[in-house]
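Participant: Starting from the known structure of chain X, arrange chain F on it as the hints suggest.
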Amino acid sequence: MDLSAILEIVAKTDRGVARSHNEDAVLANNALGLVVLADGMGGYNAGEVASGMATAILGTALEKRFTETAPETLEADGRFHAHTVLAEEIAKSNTAIYEAAQNQSQYAGMGTTLVAGVFFDNRLTVAHIGDSRLYRLRGGDFQQVTRDHSLLQEQIDAGLISKEQARHSQNKNLVTRALGVDPAVEAEIQTYAVVPGDIYLLCSDGLNDMVEDDEIGMTVGMLAANIGLCAEQLIQMANDNGGRDNISVILVKIRADFSVPRGWWVRFLSWFK
Amino acid sequence: MAKLILSMDGLALNETVLTKERTTIGRKPHNDIQIDNLAISGEHAVVITILNDSFLEDLGSTNGTFVNGQSIKKHFLQNNDTIELGKYRLKYINEVTQQTSPADFEKTMILRPGAMSAAAEPVVTSTPAPMATASPSPAPAPMPTPAAPQQRTAPAAAAAAAPSLPLGVIQILSGGNAGRELELTKTLTTLGKPAVQVAVIARRPHGYFITHVEGAHLPIVNGKALDTQAHPLSDHDIIELAGVKMEFFLKN
Chain X
5 MDLSAILEIV AKTDRGVARS HNEDAVLANN ALGLVVLADG MGGYNAGEVA SGMATAILGT
65 ALEKRFTETA PETLEADGRF HAHTVLAEEI AKSNTAIYEA AQNQSQYAGM GTTLVAGVFF
125 DNRLTVAHIG DSRLYRLRGG DFQQVTRDHS LLQEQIDAGL ISKEQARHSQ NKNLVTRALG
185 VDPAVEAEIQ TYAVVPGDIY LLCSDGLNDM VEDDEIGMTV GMLAANIGLC AEQLIQMAND
245 NGGRDNISVI LVKIRADFSV PRGWWVRFLS WFK
Chain F
135 MAKLILSMDG LALNETVLTK ERTTIGRKPH NDIQIDNLAI SGEHAVVITI LNDSFLEDLG
195 STNGTFVNGQ SIKKHFLQNN DTIELGKYRL KYINEVTQQT SPADFEKTMI LRPGAMSAAA
255 EPVVTSTPAP MATASPSPAP APMPTPAAPQ QRTAPAAAAA AAPSLPLGVI QILSGGNAGR
315 ELELTKTLTT LGKPAVQVAV IARRPHGYFI THVEGAHLPI VNGKALDTQA HPLSDHDIIE
375 LAGVKMEFFL KN
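So the protein lines, in turn, are chains X and F.
Add 4 to a position in the first sequence, counting from 1, and you land on the number used in this note's numbering.
Add 134 to a position in the second sequence, counting from 1, and you land on the number used in this note's numbering.
Here chain X stands alone, though its shape is the one from the complex (with noise of 0.2 Å):
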């Protein structure tokens, strides 16, 4: 099922103010639904090099899984074939970039943060590990869907620091979580549903460690009409801010419903063809 018509998807990255390059990778393939973005890490360009294999590698395998099987497809064990492929396909570009730390050494101890998302069916299947996000706004109601994998998450979880101490917390960039440092990693994998005006914002650190949450929801919000808009301004926004980490959003609109017909009928007919 061919969602261009349905998503409006908009996929940007930015240096920021203080870095010397930008170490994340963004990607969107607006007819597949997908949208994959990673936040690396490492010394050197290995960071650049860690979030570019993520992207590159589970965006070629996603594409050319859900082509020969469409994502909303029952597995055995009851979950989405989406469910499923993420799971497989985030396992082997761990091994990749892994194994390329450990061979060279000017990659050593690399990594990236990632979340990755699968519209299909009127769902939404997201993968995520490390402290990248997902926000939903839905009726004017903006929340964050994603759970960081992050010390600061933990520390707030287990009670010891607040929200309002964790914003000032040294530890905000220390991830328990990461694609590629360990020989197998554990992405965290939900599925939700979908409302048609439904808009989804993927974003690395360098975005919500600069603005906050309300002002991020606030201009989802006000600039849903025009999301390229809408993506140029919160970076701005970051920047403004004094852009201290690489900022990367992606902002996809669902226009309209996308399930997936069901039916005798439906099978009916594709007997014809």
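Sample of chain F residues at the chain X side, in silico, Cβ under 10 Å:
#, residue
1, Thr158
2, Thr321
3, Phe343
4, Thr345
Rather than coming from a laboratory, the hints here were simulated on the basis of the structure.
No residue lacks a Cβ here, since even glycine has one placed at the ideal position from N, Cα and C.
Facilitator: Only chain F this time, still in chain X's reference frame:
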């Protein structure tokens, strides 16, 4: 967190908290809620939980799934719904206090020293105003035409950058609201009529910028139509938008 309480003949058997996105119900042992009874299909039904909402879906079971006596294929579960599978009953419990908790949780995020004083005043709109700047937010609807929800403003970004920049003001020159003033205290202020013509004015550390958002016509500044790029505003610029003329000026 919502839960399902399994019972038979009024006798509670067990309780399952809906922590997973998919909670499966069936006769076979791999189900999250296993009911070993021949009236139950191997994979009978599934409860899909999204944030605070749970949906029950029958997986094509032989004897069907009933909620409060009605046969269902798909059902949006409400607190105290009773799901009937053969002789077994599953009661869905999702207390109201728990349903509101995420909103409360979000509100606590906004409570910062800067917002405390603002929170003490009666709140008219639900628009959060953290990092409130020195000047009060503009009165609702100082807008050209139809009024209310057109003018939405975002909270100011860098409060630190604010004092160096003179306050920008929009004064309406024509139309029903001629003479009204709108202070641009926030990071973003949208002007115009949604779906007809909308432009946004961004307050940035080094000045104000106007950008076209939507509509077939581009905003006109000093008689010249803008392109789609951000355009810096200078003192006493005349803006024409959705048939309304307005003047931008800086207040010291």
